[in-house]
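Asker: The residues making up each chain are set out below.
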Amino acid sequence: DAKTTQPTSMDCAEGRAANLPCNHSTISGNEYVYWYRQIHSQGPQYIIHGLKNNETNEMASLIITEDRKSSTLILPHATLRDTAVYYCIVNSGGSNYKLTFGKGTLLTVNP
Amino acid sequence: DTGVSQDPRHKITKRGQNVTFRCDPISEHNRLYWYRQTLGQGPEFLTYFQNEAQLEKSRLLSDRFSAERPKGSFSTLEIQRTEQGDSAMYLCASSLTFDTQYFGPGTRLTVL
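So the protein lines, in turn, are chains V and W. Numbering-wise (this note's numbering), the first sequence opens with residue 2 and increments by one. Numbering-wise (this note's numbering), the second sequence opens with residue 8 and increments by one.
Quick caveat, the hints were computed from the structure, so don't treat them as lab data. Keep in mind that this is a model prediction, so the values were computed, not measured. Backbone N, C-alpha and C fix where the C-beta goes; we use that ideal spot for every residue, glycine too. None of the hints are false.
On the chain V side, residues computed to face chain W include the following (Cβ under 10 Å):
no.	residue
1	Tyr35
2	Ser42
3	Phe102
4	Lys104
Here chain W stands alone, though its shape is the one from the complex:
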């Protein structure tokens, strides 16, 4: 257990529905990252927060995706109008410095 928690661990939804995932980072970490991992591939970077500011978004993050980190603590990732191609593991990581990122267990999304 790295101290990063994610909820839910699994989510099954129907195409077109909206889903929201939550990440709670290690408490003193001010940097938070979201990654996505599809089957057989390594994780891919989605977005990065420093405190409450979202400083970078990958091109993988379409307009249907939005992430927030109010008050610089927990973060949420919302996917609107889900598509089957959104099925993946969504991983959250946090860090105190830029060198070591600590990952949560992930949220596995299945879009039917």
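Same shape as in the complex, but just chain V:
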């Protein structure tokens, strides 16, 4: 799987949009970008994934650059409950089912 690079930590004010970047410059054509988050002492929670088009669901939006070398996860109106470690993972799926987690980005939402 391609390696990802994320900032170690970020801060965001409650109610504002949180934009979490991820670099994956060695991504292959068949690899998806996944985002999971992990709230303290809980299991990881799936957020969203995409291949090359931008994606949106009830939790977040995923913006993937045209060259697919980076992406941004957007939480449109961050709340205190969004404080968590956010993991960006590149995975081709299929027979490559192992998710490779890095250290992620600790997002702290401040009141």
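Given the coordinates of chain V, assemble chain W onto it according to the supplied hints.
Answerer: Same frame as chain V, now just chain W:
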């Protein structure tokens, strides 16, 4: 709540004892995964089941570790002769397809 449950949520044991954890996946999911997470690190893959067949084991899974998934439903992870280095969060995940894995709350193991 993702629908994946794990039991127990916390386990404290003494070095040398055996422990067993259970994972109940989402009922229609035929794929089940175990991961381990130590403090400050992301989860690391341990093993994978498709139905009752264990198709892959990580090198992290030493001979003291064994996992089963009888009848392709719940799964157990047993650690024999626990060591202090086994202290970690053990996470179970399940999926219907290969794209999205849903994780349980984890079992936190502390080996004294």
